[in-house]
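Modelling step: build the complete structure from the supplied sequences, incorporating the hints.
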Amino acid sequence: MGSALRFLLQGAAYVAMALLLGYFATLPPYQYGNARLASVKVSLSHAADRVKPCVQLTQEEIAEFAANMRRTEICERERLPLVFELDIDGEAIIRLRAEPSGLWNDGPASIYERLEVAPGEHAIAARLRDTARTVGWDYANEVMVELQPGRYFTITFKPETGGFNFR
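Residue numbers for the sequence shown follow this note's numbering, so the first one is 1 and each next one is one higher.
Honestly, the hints are just simulated from the structure, not real lab data.
Beta carbons are placed, not taken as given, at the ideal position from N, Cα and C, and that holds for glycine.
Treat the hints loosely; a few may be bogus.
[Claimed, not checked] Here are the in silico distance ranges between beta carbons for each label pair:
{"id": "1", "residue 1": "Glu73", "residue 2": "Glu113", "range": "33 to 41 Å"}
{"id": "2", "residue 1": "Ala123", "residue 2": "Glu64", "range": "55 to 63 Å"}
{"id": "3", "residue 1": "Pro159", "residue 2": "Gln59", "range": "27 to 35 Å"}
{"id": "4", "residue 1": "Arg114", "residue 2": "Glu64", "range": "48 to 56 Å"}
{"id": "5", "residue 1": "Thr154", "residue 2": "Pro53", "range": "27 to 35 Å"}
{"id": "6", "residue 1": "Arg6", "residue 2": "Gly107", "range": "54 to 62 Å"}
{"id": "7", "residue 1": "Leu103", "residue 2": "Arg6", "range": "55 to 63 Å"}
{"id": "8", "residue 1": "Asn165", "residue 2": "Glu91", "range": "16 to 24 Å"}
{"id": "9", "residue 1": "Tyr14", "residue 2": "Thr156", "range": "44 to 52 Å"}
See below:
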């Protein structure tokens, strides 16, 4: 009789755990964003130019290295920060400076921003500086888009494809 009671209690515990798990799997409902507004996401990771340019080695300098250590140039590790701006309808929404990652500031700088915008037609301009210049932009792009309520508009960056991608 003790064995049957133990199995009954064990079954009740399993059912209670399943119901608890089912409750938290469906309730409370997760809301991704405001259904009445459009979301604009900026997501990029990019390695800017180096702080100091690479130095080209002469043949004599290359010969001084061991055969397995020979290279044609020596480069400092540290990179410049990224300067990023985002305007919507001519209004400055995001202005930031992203520092490079890594222990020696030698990795890519990453930017992730999400903002909610009223739906409708908007002029979106994105600009990025990844060199030592102080005036102007290395990459700039502007598009007219129709933002839908409850939908995402994503801005990414790939220098291989010419810069900003708007989706």
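To see whether the hints hold, each was checked on the structure:
Glu73 and Glu113 have their C-beta atoms about 36 Å apart, which keeps the hinted 33 to 41 Å range intact. The given range of 55 to 63 Å is respected by Ala123 and Glu64, whose C-beta atoms sit roughly 56 Å from each other. Between Pro159 and Gln59 the Cβ separation comes to about 32 Å, which falls inside the hinted range of 27 to 35 Å. Here the CB-CB span from Arg114 to Glu64 is close to 52 Å, well matched to the stated 48 to 56 Å.
Evaluation of the 27 to 35 Å hint for Thr154 and Pro53 yields a pass: the beta carbon distance comes to about 34 Å. Range check, Arg6 to Gly107: Cβ separation about 57 Å, and the 54 to 62 Å hint holds. About 57 Å separates the C-beta atoms of Leu103 and Arg6, a value consistent with the hinted range of 55 to 63 Å. A beta carbon spacing of about 22 Å between Asn165 and Glu91 agrees with the range 16 to 24 Å that was offered as a hint.
Range check, Tyr14 to Thr156: about 46 Å between beta-carbon atoms, so the 44 to 52 Å window is met.
The structure agrees with every numbered hint stated previously.
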